[in-house]
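Could you build all of it, start to finish, from the sequences and the hints given here?
Sequences listed follow chains R and X, in order.
Start counting the first sequence at 0; every next residue gets the next number (numbering that gives the first Met the number 0).
Start counting the second sequence at 0; every next residue gets the next number (numbering that gives the first Met the number 0).
Rather than coming from a laboratory, the hints here were simulated on the basis of the structure.
We treat Cβ as the ideally placed atom computed from N, Cα and C, and that holds for glycine.
Be a bit skeptical, because a hint or two may be false.
Claimed, not checked - Covered stretches of chain R (chain X as the covering partner; in silico rule of three or more C-beta atoms under 8 Å from a C-beta of chain X): (1) 13-19; (2) 22-28; (3) 170-180.
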Amino acid sequence: MPAPKQLAERKELLAGGHRACAGCLPMTAMRQMLLTAGKDTVVGCATGCVEVVTTIYPYTAWRTPFIHNAFENSAATISGAEAAYVSLRKQGKIDKKINFVAMGGDGGTYDIGLQALSGAMERGHNMLYICYDNQAYMNTGIQRSGGTPKGTATSTTPAGKVIPGKTQFPKPLTEIMIAHDIPFVAQATPGYPKDFSDKVEKALAIDGPAFINVLTPCTRGWRFPPEQSMEYARLAVKTCFWPLYEVEYGVIKINRKPKEKLPVSKWFEGQGRFRHLFKEANKGIIDEIQAEVDRKWELLLKREELTQA
Amino acid sequence: MREKSWREIPIGGIIEDAGNAETYETGSWRTYRPIWDPEKCIHCLACWIACPDSAILLEDGKMIGIDYAHCKGCGICAFECPDKISAIEMKIETDVND
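Pasting the structure below:
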């Protein structure tokens, strides 16, 4: 399984010169994904930060084939490319193994592209869907999405006298994908590169559809200094807000169990989007989120035990 | 760059030169410049695997420098460098660039 040392011997497939913000962790996730998947990979990406910054005409940062279609259909587009590949293989016109990777941000996956994703997974295409979850529509100016955590201040859920940021809990997308009963579902983050790389490798090796939800901190939208992007990715895991786990043919395996589970407030601290939660009037919201994180973590531990047996 | 006429643009707006973004230099965005000390570096690659701009240059799996044409100066490399090593220091661009 590839550790950074092994990946370092491979060709860099994402060129510099893309227009992502300084400290953009979704771009780190793309690099890690490409280093693992290799050059024989067809990538499709929904409209979103990654698509916009990497393919500003007439430039592309991708050294692999890359398709942008629309916001809602990256899974449908890639499933079509994969179906064409299967046909060409049958006709003997193509021989080598090609990976198919569809991607979307949380907006393009939790909300707009969910139907296309669900359909592609149900039809059983041999493809990997990666959701790079930066927890809001960052590219258009930090609007809330179905993946935005409760209590987050965004431009459409500004924290003030009326509401203390977003009032709903995020949609449990990873669990929705587990419920599709596909061969491989996982949660990862580029903050733990080997774990993420292992999951990409496993997902591409498996015959059939796979889904990985990748938490990618956004310095502009989360409002923290750009050099701390990796640290905020790791803190999300250490607080069990974003557990690293994988589900292979229904069997759940938690990849990282923190020895000492940090309180979620440790992850919130220093992020401008949660600053208002530390005011006296909003203290109850942190407790509420903590209770929900604890409940889900306990449930995950139990589900792991149940499915391992 | 001269603007192309519609006759010169490939059908569907396909970009035929994969990875040509590297001809676009984003180094001028930088406020802070990472200064790498090869003497201190242990080549753990923690900076390389974290860099969003593919700006840590490697040769045979070892770090050989920083691509200042594309580095945007986010400082992730200096932050990720192990505390005991601290082989990368962020300096204000205007102080070190002449």
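Report the numbers of all earlier hints that the structure fails to satisfy, in ascending order. Per hint list: single violation, 3.
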